[in-house]
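Chemist: One letter stands for each residue in the lines below.
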Amino acid sequence: MFAKLLGAGALAALIAVSPANAQDGEPITFGFLGPFTGQFAANGQRFEEAAKLFVEQTNAAGGIAGRPLVIEFEDDRGDPLQAANIAQRFVSNDDIVAAIGSFTSTASMAAGEIFANAKMPQVSPTSSHPDYTKISEYQFRMPNTQDIVAGLNAELIMEKLGAESVAIAYFQDDWGIFVGDATSAEVKERGGDVVLLEAMTPQARDFRSMITKIRALQPDAIFLASHYQVSSIFLQQLRQAGLDIPVGGADSLYNPELINLAGDAVEDFITSAYFFPDDPSKAAFTEAYEAKYGRKPDQWSAFAYDAVAITAEAAKVLLEAGEELTRENMRNAIDDLPPFDGVTGTTDFVNGTPRKPMTLLQVRDGEYKLLESDS
Amino acid sequence: MLSLFLSQILNGLVLGSVYALIALGFSLVFGVANIVNFAQGAFVMLGAFFALTMVGASLPLWLACIIAIAGAAAVGLLLELVALRPLRNAPYIAPLLSTLAIAFIIDTGAELVWGNEYQPFPSPLQEYVFFVGGAFITGVDIATFVLAVTIAAGLWLFLNKTWPGQALRAAAQDPEAASQIGVDVAAMRRMAFAIAGALGGIAGLLVAMYYQSVFPQMGIPFGLKGFAAALLGGLASLPGAVVGGLLLGVFESLASGYLGEGYRDLAAFTVLLLVIVFRPNGILGSGKLDAMGGAAGASGGIPTTSIIASLAGATARVRSRTLEAPTFVLLIAFAALAFLPLAGVSGYILQVGASCAIFAMLAVSLTILSGSAGVISIGHAALYGVGAYAAALVGTRYGVPMELMVISGAFAGAAIGAIVAIPTLKLTGHAVALATLAIGQVGYLTFLNWIDVTRGPMGIPGVPRPDVAILFGLSTNSVAAQYVQSLVLLSIVVVIAATFINSPVGRTWRAIREDRVAAHGAGVPVSGYIIAAFVISGMLAGIAGAQFATLQQFVSPDSFILDVNIILISMVVLGGLGNITGAVIGGAILALLPELLRDIDHFRMMAYGFILLILLRFRPQGLMGVK
Chain S
1 MFAKLLGAGA LAALIAVSPA NAQDGEPITF GFLGPFTGQF AANGQRFEEA AKLFVEQTNA
61 AGGIAGRPLV IEFEDDRGDP LQAANIAQRF VSNDDIVAAI GSFTSTASMA AGEIFANAKM
121 PQVSPTSSHP DYTKISEYQF RMPNTQDIVA GLNAELIMEK LGAESVAIAY FQDDWGIFVG
181 DATSAEVKER GGDVVLLEAM TPQARDFRSM ITKIRALQPD AIFLASHYQV SSIFLQQLRQ
241 AGLDIPVGGA DSLYNPELIN LAGDAVEDFI TSAYFFPDDP SKAAFTEAYE AKYGRKPDQW
301 SAFAYDAVAI TAEAAKVLLE AGEELTRENM RNAIDDLPPF DGVTGTTDFV NGTPRKPMTL
361 LQVRDGEYKL LESDS
Chain R
1 MLSLFLSQIL NGLVLGSVYA LIALGFSLVF GVANIVNFAQ GAFVMLGAFF ALTMVGASLP
61 LWLACIIAIA GAAAVGLLLE LVALRPLRNA PYIAPLLSTL AIAFIIDTGA ELVWGNEYQP
121 FPSPLQEYVF FVGGAFITGV DIATFVLAVT IAAGLWLFLN KTWPGQALRA AAQDPEAASQ
181 IGVDVAAMRR MAFAIAGALG GIAGLLVAMY YQSVFPQMGI PFGLKGFAAA LLGGLASLPG
241 AVVGGLLLGV FESLASGYLG EGYRDLAAFT VLLLVIVFRP NGILGSGKLD AMGGAAGASG
301 GIPTTSIIAS LAGATARVRS RTLEAPTFVL LIAFAALAFL PLAGVSGYIL QVGASCAIFA
361 MLAVSLTILS GSAGVISIGH AALYGVGAYA AALVGTRYGV PMELMVISGA FAGAAIGAIV
421 AIPTLKLTGH AVALATLAIG QVGYLTFLNW IDVTRGPMGI PGVPRPDVAI LFGLSTNSVA
481 AQYVQSLVLL SIVVVIAATF INSPVGRTWR AIREDRVAAH GAGVPVSGYI IAAFVISGML
541 AGIAGAQFAT LQQFVSPDSF ILDVNIILIS MVVLGGLGNI TGAVIGGAIL ALLPELLRDI
601 DHFRMMAYGF ILLILLRFRP QGLMGVK
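Respectively, the protein sequence lines represent chains S and R. For the first sequence, position 251 (counting from the first letter as 1) is numbered 251 according to my numbering, and the numbering increases by one without interruption. For the second sequence, position 424 (counting from the first letter as 1) is numbered 424 according to my numbering, and the numbering increases by one without interruption.
I should point out that these hints are in silico values taken from the structure, not numbers from a laboratory. One thing to keep in mind: the hints can contain errors.
Claimed, not checked - Keeping only pairs whose Cα atoms sit at most 20 angstroms apart, straight-line, the calculated SDA-like set for lysine to any residue is: (1) S:Lys296 - R:Arg598; (2) S:Lys369 - S:Lys292; (3) S:Lys119 - R:Gly115; (4) S:Lys134 - S:Lys369; (5) S:Lys292 - R:Gly115; (6) S:Lys296 - R:Gly456; (7) S:Lys134 - R:Trp114; (8) S:Lys119 - R:Val505; (9) S:Lys134 - R:Thr396; (10) S:Lys296 - R:Trp114; (11) S:Lys119 - R:Ile349; (12) S:Lys119 - R:Arg598; (13) S:Lys134 - R:Arg598; (14) S:Lys292 - S:Asp131; (15) S:Lys119 - R:Gly456; (16) S:Lys52 - R:Ile349; (17) S:Lys119 - S:Asp131; (18) S:Lys134 - R:Asn477; (19) S:Lys296 - R:Phe334; (20) S:Lys296 - S:Asp193; (21) S:Lys119 - R:Thr327; (22) S:Lys52 - R:Gly462; (23) S:Lys134 - R:Ile349.
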C-alpha cells in the first residue's frame, strides 16, 4: 500500500527530474487564504499545517519538475472583506499561478469573484456552497456535491440507524442549511418521516430546548448536520436527558476532537467520512503529519493536503508537457487532470466538483472504526 | 407539552443565573466607576481557561476554581490599572472604548495562549440528573442557581450592611464627599473591579461546567447577554441585574422552545429594545443619576449628559485643538487619489483603497450620530448591512443601473435608521451604547435568520456592477472603476455630512450632545433632532453598504458582525467626535491597519488592539480633536 502511494505520487516526481536542481529552479508559487486566526482558526490552522507538510515533502523530493514549491499564506479571519483584499493581493502578484482556499464559503465566494475576473484558478478545500462553483469555471472544490452527500446521509439514517422517523438538527451556516434541507428531502423521498428540522445558530451552545422537543416527538433517530464543537455539547446534553435515541451525523463529524470532547456520549455514533487516518492506504500521510505536528490529521487537514496536491499535480503536468505555467493553463490542467488519487479519495472534477466515494464510520470504545468491520 | 414549558422555565432560570452574575459585575463597576466595562465577557472566558490550566497542572478541581476566580479578579484589577486609570480625565467615551480594546486583546491573546480548539472541561456535578416531570435538571444547574442567588444576596448584604460595602456605595454616589470623610475612593474603584472580575470568573466556571467544554470565544455571547440583562434590569441596580438576568434567560429559553433555536437571541435582544422603549431606565432602574449628569454631576460639576465630559468632573470639557480641513480640501484630495489607477498601481492597492473609502464613509456617517449628536452607537453595522442588502437585492432582482442600487441602499439605511432611533430616544450616554449594541445584534441576526429575503448564511452572490445610466452608460465593472466609484460616493457622503454638521442643525446636535437637559429646556425638540441624526446617518451608511455590495459582489451576514461595530465606533473616536476630516482619516487608518500588519501573521489582530489602546491613551480626544 505504502509503495503504491509512493508510486502514484512522489516517486514519479523523483524519476522525472533530478532532485539536485530542485532548489535552483524558479519557484512555483501558490497563494493560500484561510482563517488562520479568529473563530474558525481551529479549521484554518489544520489547513496551514497540511499545506506546509505538502510543501516540505514536495521540495524534499525534488520539487515540481525540478522547481521548488512556495506557498504564500494569508489570513482572512473568515471575513469576506479581508478575503477579497487577499484575492486582489494574489491576483496582483504575477508569481502566483493558482489560489487555494478559503475555509468558509462566504470568504471563498467573496474572493471567487476576483479570481474569476483575473482568470486565476481557485481550489477550495471545503467550500460546499452550491453557488460557489457557479461563480465561474475557475472555481474548484474538494468535497462532493450535496446530492451525493444527501443520498448517503439518508442511507445512513434509514438503513444503518434503521429509522423510519428522524429529527434533523443543522448548523445555521450555508453548509449546514444545505445538508439539512437536502438530507431531509432525501429521507422523505425514500418514504421516511422527518419529525423535526431545526437550526443550531452559530452562537447557540444550549440545546435543551431542542432536546425537550425531541423527547416529545420520539423519533427513531437523530441526525446532526453540524460541526463537532456544538455537536459534542448537543450529544452530552442529549444523553444527560436520558434519551438513548441512536444518532448519526454528516461527514463534518468525523473528527477525533468530537470523541475527546463528548466522551461516552458519542459512543455508537455513526458518521460518514472522506478520509480515515486508520485506513492503511493513508498511512504515509497520517504518519508524516503526526510526526511533524504531534496530532492526527483531521478531515480538514486531508482536504487541504489534497487541494494543494492536486494543484501541484496540474503544475507538474504542464511543466512536463513543456507548456507555459500561466493561470489559464493551470485552470485547464486542473480541470483536465486524470482522476487524482489523494488522501480524501479519488478526485475527478465535473464543473469544479468531484464525485468521490465516502466511508461510513462508527464510534466504538472511544474510537472511530469502519462501520462494517468487526473490530 | 407541559413538560416543554416546565423545561424551558428551568433552563431559562439556570442560564439567567449566569447572565445575572455577569450583569452584577457589570452593574457594580458601572455604579462605582461610571464605566461600561465591555471586558466583562473576557473575564468569563479567562475564569474558565485559568481553571482548565490549573486542572491540567493536576490540581484538584475545587482548588483550580478558587485560583481561577482569584486570577479573574486580578485581571479585573489590572484592567482598572492599565486601561482606565490613565483615562480618568479623558472624555468618558475613551475608557468605554478602552475596555473594548482590552476585550479584543484578551480574546485574541487567549487564542494564541490556549489555541482555538474546544477543550473538554471536567464537570463532575453534571453526572447528577434529576427529573421533574418530563423536564430535567443537573447538579450544575442547581449549583449555578444556588450560587447566583447566594452571591447576589451576599453582595447586597455586603453593600448595605458592612462598612467597606457602604464606603463603596458612598464612593459611587459622591466620590468627592466620600473622600472627605476618609473613604479611599481609588481603593473602592479597585475593589469594584476585582469583584467584577471574580463574578465574571465564577460565571465562566459555571458556563464551562454547563457545556463541559471551553473555547476562546466563549465569553463574547455571555458578555453581550450580561449587558442586555443589566440594561433590562436597570443599569447600576444590583437587584435589577438579577431580575434582568433571570427574565432574559427565561424569555430566550421560551423563544427557543416555541419559535425555534434560531430565534433565541433575536427574541432576547428584540424584547430588550421593546422594554426600553417603555421603560428607558430598565425594570428596576431609576433615572435619577442620569438626569443629574451621572455620579460626576453629584460631585459638584455642572450636571451634564455630555459624552465628551470626563469622568472626574463635568465642569471642564476636555479641550483640545480641533484640526479640520475644509470640505473642498477633502474633495481635492479625493479627486487626486482618484488618479491612482492611472499610475499603474496593483489591483490589491485599489481594492484596499476602496475598502478604506467604504470605512471612511461609514465613519463619517457615524460621526454625525455619535460625534455630533452624541448618540454613541455600537450597532452601526446594522444600518450598513441594510444598505448592502437593499442594493444587492435590487441589483440582482431588477437589473437596475448603478445609481439606483446606491439610492436603494441610501433609502433603506435611512428608513431603518428612523425605526432603530425609537428605542434610543429616551436614553443617554452609556445606556444608549448598550441599546445600540442590541440593535447591531438584531441586525446581524435578522440578516442571518430572515432566509426568505437575505438567504441567511448563504448570502447573496453575483451582485452586479451595472453601468451608470446618467453618465451615458459608464462602466463600473473593474477594480479601478470600483475604486473611483467609492471615492465619488465618499465625496458625496462628505458633502452631505458637512452640510448638516456645519448648519444650524449641526449646532443643535452639538447642543444636545453637550447638555441634553439644557437643550430641551431651551425648547429644542430633542427627539426630532435625534431621529434626524439617525436618518441621515443611516442614509450615508446605506450608501457605504451599497458600495460594499458592488465592490464585493457578494453580501453575507459575516460582514456585519460585532467586531465591525466596535471598529466603526473606534474610527469615530480616534478621528475625533463630530470631526469629518478625523472620521475620514480614522476610517481609512483602521481599515488599512489589518492589511499593513499582515507580515506579523498570527499576532496581527492583537497588535491591532494594542495600537487602539495606545492611541486612546495618548489622544483620548481623537487624532484630529473633537468638534
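Chemist: Hint by hint, say whether it matches the structure.
Modeler: Now for the hints, and whether the structure bears them out:
no.: 1; hint: S:Lys296 - R:Arg598; verdict: violated (29 angstroms)
no.: 2; hint: S:Lys369 - S:Lys292; verdict: violated (24 angstroms)
no.: 3; hint: S:Lys119 - R:Gly115; verdict: violated (36 angstroms)
no.: 4; hint: S:Lys134 - S:Lys369; verdict: violated (36 angstroms)
no.: 5; hint: S:Lys292 - R:Gly115; verdict: holds (18 angstroms)
no.: 6; hint: S:Lys296 - R:Gly456; verdict: violated (34 angstroms)
no.: 7; hint: S:Lys134 - R:Trp114; verdict: violated (39 angstroms)
no.: 8; hint: S:Lys119 - R:Val505; verdict: violated (51 angstroms)
no.: 9; hint: S:Lys134 - R:Thr396; verdict: holds (15 angstroms)
no.: 10; hint: S:Lys296 - R:Trp114; verdict: holds (19 angstroms)
no.: 11; hint: S:Lys119 - R:Ile349; verdict: holds (19 angstroms)
no.: 12; hint: S:Lys119 - R:Arg598; verdict: violated (25 angstroms)
no.: 13; hint: S:Lys134 - R:Arg598; verdict: violated (30 angstroms)
no.: 14; hint: S:Lys292 - S:Asp131; verdict: violated (36 angstroms)
no.: 15; hint: S:Lys119 - R:Gly456; verdict: violated (29 angstroms)
no.: 16; hint: S:Lys52 - R:Ile349; verdict: violated (28 angstroms)
no.: 17; hint: S:Lys119 - S:Asp131; verdict: holds (18 angstroms)
no.: 18; hint: S:Lys134 - R:Asn477; verdict: holds (19 angstroms)
no.: 19; hint: S:Lys296 - R:Phe334; verdict: violated (53 angstroms)
no.: 20; hint: S:Lys296 - S:Asp193; verdict: violated (38 angstroms)
no.: 21; hint: S:Lys119 - R:Thr327; verdict: violated (41 angstroms)
no.: 22; hint: S:Lys52 - R:Gly462; verdict: violated (33 angstroms)
no.: 23; hint: S:Lys134 - R:Ile349; verdict: violated (27 angstroms)
Hint compliance for this structure: hints 1, 2, 3, 4, 6, 7, 8, 12, 13, 14, 15, 16, 19, 20, 21, 22, 23 are broken, all remaining hints hold.
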